[in-house]
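Colleague: Residue numbers (the working numbering), protein chains in the order written: chain A, 492 to 930; chain B, 492 to 930; chain C, 492 to 930.
Treat the hints as calculated values from the structure; they're not laboratory data. Keep in mind the model is a prediction, meaning the values are calculated, not measured. A couple of the hints might just be wrong.
Note that identical chains are pooled: a pair holds if it fits in a single copy or bridges any two copies.
[Stated by the list, open to error] Here are the simulated lysine-lysine pairs, DSS-like style, with alpha carbons at most 30 Å apart:
{"id": "1", "residue 1": "857", "residue 2": "552"}
{"id": "2", "residue 1": "508", "residue 2": "581"}
{"id": "3", "residue 1": "929", "residue 2": "625"}
{"id": "4", "residue 1": "929", "residue 2": "552"}
{"id": "5", "residue 1": "929", "residue 2": "857"}
{"id": "6", "residue 1": "625", "residue 2": "604"}
{"id": "7", "residue 1": "857", "residue 2": "737"}
{"id": "8", "residue 1": "552", "residue 2": "625"}
{"id": "9", "residue 1": "604", "residue 2": "581"}
{"id": "10", "residue 1": "625", "residue 2": "857"}
{"id": "11", "residue 1": "575", "residue 2": "929"}
{"id": "12", "residue 1": "575", "residue 2": "538"}
{"id": "13", "residue 1": "625", "residue 2": "508"}
{"id": "14", "residue 1": "929", "residue 2": "750"}
{"id": "15", "residue 1": "596", "residue 2": "581"}
{"id": "16", "residue 1": "552", "residue 2": "596"}
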Amino acid sequence: MTCAGQQETSSSEELGKEMHNFMGELYPICRSITGEGVRETLRAIQKRIPLEIHEVPSGTKVFDWTVPLEWNVSDAYIVNREGKRVVDFKAHNLHLMSYSVPVRKQMRLEALKPHLFSLPSHPDWIPYRTSYYKENWGFCLRHTDLEQLCDGEYEVVIESSFRSGSLTYGEIYLPGETSDEVLVSCHVCHPSLCNDNLSGVVVSVGLAEIMAARARRYSYRFLFIPGTIGSITWLARNEHVVSRIKHGLVLTGIGDEGKMTYKKSRQGNAEIDRAMTHVLRYSDEHHAIVDFSPYGYDERQYCSPGFDLPVGCFMRTPHGQYPEYHSSADNLDFVKADSLARSYARCLEALELLEGNQSYMNQNPKCEPQLGRRGLYRAVAGQNEKQTQELVLLWVLNLSDGQHSLLDIATRAEMPFREVRQAADSLLRCGLLVEVGKL
Amino acid sequence: MTCAGQQETSSSEELGKEMHNFMGELYPICRSITGEGVRETLRAIQKRIPLEIHEVPSGTKVFDWTVPLEWNVSDAYIVNREGKRVVDFKAHNLHLMSYSVPVRKQMRLEALKPHLFSLPSHPDWIPYRTSYYKENWGFCLRHTDLEQLCDGEYEVVIESSFRSGSLTYGEIYLPGETSDEVLVSCHVCHPSLCNDNLSGVVVSVGLAEIMAARARRYSYRFLFIPGTIGSITWLARNEHVVSRIKHGLVLTGIGDEGKMTYKKSRQGNAEIDRAMTHVLRYSDEHHAIVDFSPYGYDERQYCSPGFDLPVGCFMRTPHGQYPEYHSSADNLDFVKADSLARSYARCLEALELLEGNQSYMNQNPKCEPQLGRRGLYRAVAGQNEKQTQELVLLWVLNLSDGQHSLLDIATRAEMPFREVRQAADSLLRCGLLVEVGKL
Amino acid sequence: MTCAGQQETSSSEELGKEMHNFMGELYPICRSITGEGVRETLRAIQKRIPLEIHEVPSGTKVFDWTVPLEWNVSDAYIVNREGKRVVDFKAHNLHLMSYSVPVRKQMRLEALKPHLFSLPSHPDWIPYRTSYYKENWGFCLRHTDLEQLCDGEYEVVIESSFRSGSLTYGEIYLPGETSDEVLVSCHVCHPSLCNDNLSGVVVSVGLAEIMAARARRYSYRFLFIPGTIGSITWLARNEHVVSRIKHGLVLTGIGDEGKMTYKKSRQGNAEIDRAMTHVLRYSDEHHAIVDFSPYGYDERQYCSPGFDLPVGCFMRTPHGQYPEYHSSADNLDFVKADSLARSYARCLEALELLEGNQSYMNQNPKCEPQLGRRGLYRAVAGQNEKQTQELVLLWVLNLSDGQHSLLDIATRAEMPFREVRQAADSLLRCGLLVEVGKL
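Bound-form chain A, shown alone:
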């Protein structure tokens, strides 16, 4: 391993741990699609990146939807006849179904049961349940605990509030050379669940930090929003800038140890689709590229037919395909620092690819230019060895006809983008290429 390689590994290791620590900080907060938990989360992010926090009043119409009342909880529990809290929101915020209405009553177990959710197949895990848009209440608990509940009376208390408050989301915009944008979006509405989606949150924060520190061809927009209603709200309030989004990624579930999964945008062959496919192909990662489907995360909204944005979704194991999904087992142990670091690295490579994916015109298009005279070609010829470096120069020259981007060239040449980008840089320095549009 080279010195540079060691350095990279160690910095990647550190970064993974750092992201995992931040996740540990955010884990205990009880988030939902509205409420104090989201605000607290965004304030924690604000300590790292200059996030703008937006508040959208309850009742605001956003396309076919309405921003719901703000929901907060102070306490929630079930007490048995002996006065013992048999289910206690304060012990784990997954115990309370999200958006449960206030309750205070005595109930027999029989009447209570339809409001109790457990996972018989994983009796020690607490499931995660929500009822955002239908008035309801419920508790989630370990199946082992559910089975030990005796018949009889229980006191059920939910001290939740619904008030005309607001939906809260965070946004950071990093202007670049052009107003064309790259969008990175993650949802911040899930309570104590790590892979879904504190993993997406901490990686997004890391990407925003590094992109903020770099020169950027593109402008970047990072969104930290409640799922579904958040992206709908953002799109409704920002219709005028939507057309600037040239590439986008929804980041979710990227901290588990499963193989990386890139789900293509609705367009299917957008530059971001080709960029992520390229990055994963030339990585060491086990991975899968899957077609768009209208089920999943906020790409559902970005890729709705009225927008049809080039936004894909980067995951590891897709939602619902790992047993820990939406349960208390999706915790700080389930997500690994190394998984976070490697997910971050692939995203960053994709952003770098987009930054560097330009199209050039060969300034000497008739026959090859004499590379030898420019120090770009070997002097003694006749050997048998593969001359990869020369080959990549020739590919860039041959396809720089204004019809091919560097990613097109890398794809056709079956070479890593990085090498193609370096070759283009050498040729630019010699004046053999000029960027398309800058002639």
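Once you've looked at the hints, dock chains B and C against the given chain A.
Modeller: Below, chains B and C without anything else, positioned relative to chain A:
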């Protein structure tokens, strides 16, 4: 099996038997490309559906062809020295080569032999031979019988007539909401052969009966015509309506037990091609989809370059690929009631698919509409189960952008058309879709 | 084997031997990118075909390049202390690195070694090295000989000259019915190396001989040029005719026993690409079709983005993939007469395909014409046998709609081009086809 399932099976069974019985009625008739046999066949069909019978005079020019003289036979036989009929048209109408000229003479076996056809590889079967366009005569007989013919004199008698009569075909037109047409065509020129093509005839009759009883978006045209010269004649007389044919099927050889075969139209990706492919893919049938080739049945004419109609050919085992083909073994035993019933069912599904294959505009194209509020979405979220019904709704909404028909959506979503159609109906009821062209 | 078959085989055998003999004549000549060796080679070719020999003065600017000084050698050797020539250009012209500058000096082995090239993995072979565009000198020798050189002083003599002369190339132009051209190009700059590229030279000569003797729809241009600088020079001097080149082949390395390799043009689906693919597919040859890459022979220049000509490269084992490549083992034994003959035959088939690949309009596009009446269809119908000859007639009629060339038809019908061509000829004789553009 559900009650409905049982009912369907039993009605399908009955239908198969019914079609097989009708075939039994038509089997003994000696058909050719002209003559009384075709007329008798069409009159039998007329008892079931209001067929219009057309007579086109001999000598009529139809493109590069001329309607031939009408051919009829009263008797044909070969008598040996002992006065015994060793070959007798009255015993089986395949014994006489179709369009044989009248003959009455004494011949030695040696001179007779070039006019005798048998199948050495299937010595008990009588072959089927024709000589429509070249003056000739011949007898077809079992190879076992041929081998027992002694040397010596035979009396050969063919009491056939060629007269300036007409070519006969049947046609039924069922008007629909639009003048756009679906064509179903089958040939009625073969004598006592069941799979080729009484199978196509009885299934076409069945389809005409059911479509006549239904509300139709498309108009339907069923043709019962002699092969080749019949379709050429129909096309020559109906050039002005040909452009109305939007989809078509030639039905032939659909009663054997072999796997279903759909041969695509010359266009190769016409809606009928995609419809039949979809229907067969989502059926339990063993099947094959094959590319167009200019050999086969009347699709040769419909798909000639001057017409290039979207007409495919639905078969089971393709012609020439089963030994019974064009021999007396293609009889009432060879064709099964169940095969007929299932061929009929697949055709009907394809017609239903065409009827229902509309394109819609999502009326809420920016972000998803709130399905929950319309009772189309589950209330308690978070579960792991596949939500197929919601998924199909989302697919229809996502792709209803005016560019995708429901079949396009079913194909991309990899779901049966029927489910996609049902989802579209739900969304139509909510006002979330409007048919393209009806905005 | 038929008589015609025998004749063809024997004539092919003779032709192979003849080409191999000619190669033997050219083998000893010391060629380079300029100089007397090229002239001598072209004069030998001129005895067979009326080649025009062009001289382009040193210093001529050709696009980004300059025609170099002319290089010639009278002698070159290394003498040891005992006065023995341990390396001698006169023994094998590969011993001297091409374009070596004049040298005359005493050197110790240590100082000499950086100028000595050998192949340790093939110790008995002399490698081939060049230094055209960087001032340098060197000797190539067997590794066994290199290892026996004792320490001590050597006299090094290179009697080479660089003078303002010219670059020499040969060209023959065979006018055809149209000014549209087929280009055949081969490089003549390699010294005593047989596969690379006397094989290309002798096959090109053979093709020029036969095409000169035939009626031609296309005009033909054969180029015998030094690699790289030769094609650049030709293109620079002939920019005005380049657009006439409709198809082209670079011929190189077609005498070894490896499988045939066709490397597609940059366009990737040019007619020549489809023609060579078709020819090889319907041949008995082991072969591979590979995509264009900008490394290789003069197709690099013809396919540079400013020209993007439809020029592919026909090889057997690609350069660098056989150990004998660029060494003294690429000699008269390595190249086989039979390999030359078969490479020639495939090229000729491709040229014949291009000549015959016309597009026609079916004059009876509505329904099939009655082929029987024209003697093109069997009289007695009903048999089971495949009627290939009729099928090919039907394919040609069906697809002769002005959108399909005969090669398109052969490809779709999956039939050899020759049969499709013959069917078209039959139909032309009946007046059923008219060539597109001649209506």
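Colleague: Run every hint past the structure and note whether it holds.
Modeller: The hints, checked one at a time:
Proximity of residue 857 to residue 552 under the C-alpha cut-off of 30 Å is restricted to the inter-copy arrangement: shortest distance 13 Å between copies versus 59 Å within a copy. Taking the shortest Cα distances, residue 508 and residue 581 sit within 30 Å of each other inside one copy (28 Å), while across copies they are farther apart (71 Å). In the homo-oligomer, the alpha carbons of residue 929 and residue 625 never lie at most 30 Å apart, since the shortest distance is 56 Å inside one protomer and 34 Å across protomers. For the homomeric pair residue 929 and residue 552, the shortest alpha-carbon distance between copies (28 Å) is at most 30 Å, but the shortest distance inside one copy (44 Å) is not.
For a Cα distance limit of 30 Å, the shortest separation of residue 929 from residue 857 inside one copy, 20 Å, qualifies, whereas the shortest one across copies, 36 Å, does not. With identical chains, the CA atoms of residue 625 and residue 604 are at most 30 Å apart within one copy only, with a shortest distance of 19 Å there and 87 Å across copies. Taking the shortest Cα distances, residue 857 and residue 737 sit within 30 Å of each other only across copies (18 Å), while inside one copy they are farther apart (33 Å). Within a single copy, residue 552 and residue 625 get their C-alpha atoms as close as 18 Å, which meets the 30 Å cut-off; across copies the closest is 74 Å, which misses it.
Taking the closest pair of Cα atoms, residue 604 and residue 581 come within 30 Å of each other only inside a single copy of the chain (21 Å); across copies the shortest separation is 82 Å, beyond that limit. In this assembly of identical chains, the alpha carbons of residue 625 and residue 857 lie at most 30 Å apart only when taken from different copies (23 Å versus 68 Å within one copy). Proximity of residue 575 and residue 929 under a CA criterion of 30 Å is satisfied in neither setting, with 74 Å inside one chain copy and 64 Å between copies. When the C-alpha separation of residue 575 and residue 538 is checked against a cutoff of 30 Å, the pair qualifies neither within a copy, at 40 Å, nor between copies, at 83 Å.
For the homomeric pair residue 625 and residue 508, neither the shortest alpha-carbon distance inside one copy (40 Å) nor that between copies (54 Å) is at most 30 Å. With identical chains, the CA atoms of residue 929 and residue 750 are never at most 30 Å apart, being 41 Å at best within one copy and 47 Å at best between copies. Taking the closest pair of Cα atoms, residue 596 and residue 581 come within 30 Å of each other only inside a single copy of the chain (19 Å); across copies the shortest separation is 94 Å, beyond that limit. Within a single copy, residue 552 and residue 596 get their C-alpha atoms no closer than 35 Å, and across copies no closer than 92 Å, so neither meets the 30 Å cut-off.
Figure legend: structure checked against the earlier numbered hints; hints not met, in rising order: 3, 11, 12, 13, 14 and 16.
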